[in-house]
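**Q** Working from the sequences, and respecting the hints, build out all of it.
These protein sequences, in sequence, are chains A and B.
First residue of the first sequence? That's 3 in our numbering, and the numbers climb one at a time after it.
First residue of the second sequence? That's 468 in our numbering, and the numbers climb one at a time after it.
No lab work stands behind these hints: they were computed from the structure.
Among the hints, erroneous ones may be present.
Claimed, not checked - With the Cβ distance kept under 7 Å, some of the chain A side facing chain B (calculated, not the full set): (1) Ala22; (2) Thr25; (3) Phe292; (4) Gly293.
Bear in mind that the values here come from a model prediction, so they are computed numbers and not experimental data.
All residues carry an ideal CB built from backbone N, CA and C; glycine is no exception.
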Amino acid sequence: MRRERPDDRGRFGAYGGAFAPETLMPALIDLERAFVDAWEDPGFRGDLAGLLADYVGRPTPVYHAQRLSAQLGLDLWLKREDLAHTGAHKINNTIAQGLLTKRMGKRRVIAETGAGQHGVATATACALLDLECVVYMGVKDIERQALNVYRMELLGAEVIPVTSGAGTLKEAVSAALRGWVSSVESTHYIIGSVVGPHPYPWMVREFQKVIGEELQEQLHETPDVIVAPVGGGSNAMGIFFPYVGDSDVLLVGVEAGGFGIETGRHGASLGEGSPGVLHGAMTYMLQDDFGQVLEAHSISAGLDYPGVGPEHAYFKDEGLVRYVSVTDEEALSAFHRLAVTEGIIPALESAHGLAWIIREAADLAEATVVLNLSGRGDKDVQQVAALDG
Amino acid sequence: MAETTGRDRLAGMFAAAHAEGRAVLLPYLTAGIPTFDDSVRLFRAMADAGADGFEVGIPYADPLMDGPVIMRAGELALEAGVTVDRALELVKQVVAATSKPTLVMTYVNPVLRRGIDTFFRQVRDADASGVIIADLPADEAGPFLAAAESSGLGLALFVAPTTDDGRLATVLEKKPAFVYAIAEVGVTGERDEASSNTEHLARRIRSRSDLPIVFGVGISTAHHARSAARHGDGVIVGTAIVRRVLEAASVDEAAAALASFVEELAAALRSPLPPD
Ligand SMILES: Cc1ncc(COP(=O)(O)O)c(C=O)c1O
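**A** See the structure below:
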């Protein structure tokens with residue numbers, strides 16, 4: 003069963019909760035209170051709806067990808083989050099949390115970023131709302147998403163390189179949480195996905211579910227299948243949530259298969275992980291026998307994460323969503339395919355969703371399939387060019 | 468006569484220091500730093516220099532409460548193969564070598580991975596006296612307190628400068644072995660100034676409970692320790708110890724540095740500032 007909100011311990015079934023240093027606990031409780039209050043306030047909703055319409059450009063279109071549909075023998079629709087301001091769904095969450103930051107009377111924001119999309123979206127919201135902005139980013143991601151680093155700086159944000167571990171999203175989230183422990187009295191942490199301690203997974207889902215709600219209005223039939231990439235899980239949660247529990251729709255979350263599941267170098271936390279506590283929540287994660295967090299691997303910085311939002315863990319156990327994976331290579335080939343057939347360069351994250359559709363096309367024959375095109379690929383062009391030689 | 472439990476040993480440690488009119492000194496060191504075999508020697512040096520007990524850190528890959536120095540120590544220990552099992556082996560050796568009440572410090576996931584009850588049983592079998600879990604707030608502590616109870620170990624719970632009165636009552640209600648009072652808003656790491664939070668925090672806790680109060684986070688010098696000890700029953704010194712070990716050119720040098728630093732800390736606690 004889908005739940006409108008987590009239980010009073012912040013749990014979705016066995017998953018979620020808040021495992022955080024005591025220093026942060028009061029801020030998490032204040033945040034929940036502020037969020038509930040804002041979300042029930044038509045004034046807040048109105049301000050947010052206004053910015054989403056006029057600034058972000060919502061509703062984003064649903065586009066019928068006719069050439070690719072014909073090639074694949076199915077009916078493919080793209081939910082165009084790539085056309086949202088700054089080029090990904092991340093902005094839905096950052097504008098809302100930015101407004102909430104102001105409402106809580108805080109002037110400073112920190113955020114983590116992997117692909118840089120959440121960092122850019124946070125820097126954008128902060129510029130718009132006149133908030134100070136600091137973004138933590140792993141050194142490996144700074145290298146592979148260089149364009150987004152400069153975009154954040156242009157927007158007035160400070161980017162702090164995180165050198166620990168593999169220098170990817172996991173370390174960036176850890177560094178942001180540590181930074182928050184030290185600045186919690188003045189600063190709000192805008193987390194970038196449906197991860198982290200309660201109330202973040204619930205709150206970010208509420209801010210992202212606009213994607214699925216729009217789709218319900220825009221598509222005049224109930225689709226057979228909805229596909230979305232899953233890193234932390236926010237774009238997938240956003241498009242799935244209004245459909246969860248509808249037995250006519252197959253919901254498919256596509257995780258990073260990296261070099262191949264059998265190599266052990268992947269980001270398939272739901273497919274291959276086990277329950278544990280990562281970044282403040284009980285969820286599926288990649289870990290060793292001693293409970294040490296393992297490094298993930300993906301070609302896509304936004305999917306290169308050894309955990310996943312706790313509500314996805316709940317959906318997996320309840321059988322409400324099917325979670326699968328595709329490899330780096332499959333994603334790369336889907337990236338090129340969409341570019342040449344539809345004139346759309348997708349984010350490598352989104353290309354994972356398309357890759358699964360391409361692989362399963364025979365089984366999906368004649369079906370109406372919606373892909374959440376979570377972001378545009380400009381940020382990835384340099385990396386892909388280097389890979390293609 | 469019933470066997471002495473870990474929790475009893477902690478209580479005995481606080482009572483003995485109390486009888487001398489002073490606070491206890493609990494140095495922290497990550498297990499297996501600088502090497503597994505040399506770590507025991509460092510704990511012995513600290514015991515000889517006047518430590519009352521120890522906190523031994525199980526190295527963890529994502530320590531959300533730790534600053535760069537303890538993070539670095541954890542990374543080094545993990546690279547050297549210090550697993551949870553190896554860390555507990557070390558705890559056993561430390562207790563055998565020093566006879567000091569010893570706390571195991573960890574994060575929640577290694578405990579869950581093993582199973583809460585199994586973990587606490589293994590900690591007890593390593594002759595430790597208690598457990599500190601940095602990312603375990605009182606709200607989620609139920610099963611951990613139950614496991615501590617059945618294994619006779621003391622579990623510490625945290626209070627921070629940001630903790631409001633409602634949460635403070637929740638923590639104290641659970642009757643932890645002691646209150647770990649976080650002296651600074653921030654992660655572990657050295658600070659220039661003595662904490663300005665200790666007096667107020669202690670007053671808020673004392674007015675509601677007589678549980679022992681141990682201050683930790685940011686206590687970096689003998690002066691800081693003395694200042695915190697004025698209001699609490701104990702102090703934990705972590706980064707200032709770990710940094711000395713990481714900076715030493717040899718184990719001999721590390722042992723000498725810890726001996727003189729711990730001696731200085733212990734002396735400071737034996738000549739506390741008069742209460743104002
Ligand atoms: C375009 C795009 N899609 C997907 C993701 C993955 O995040 P999530 O699973 O939270 O949507 C990212 C993350 O950076 C992204 O930039």
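**Q** For every hint, state whether the structure bears it out.
**A** Taking the hints in turn, this is what the structure says about them:
For A/Ala22, the suggested interface contact is upheld, since its CB lies about 6 Å from the closest CB of chain B, less than 7 Å. Among the interface hints, the one on A/Thr25 holds; its C-beta lies about 4 Å from the nearest C-beta in chain B, closer than the 7 Å criterion. A least Cβ separation of about 5 Å between A/Phe292 and chain B falls short of the 7 Å threshold, and the interface hint therefore holds. Given hint, A/Gly293 at the interface with chain B, holds; its Cβ is 3 Å from that chain's nearest Cβ, closer than 7 Å.
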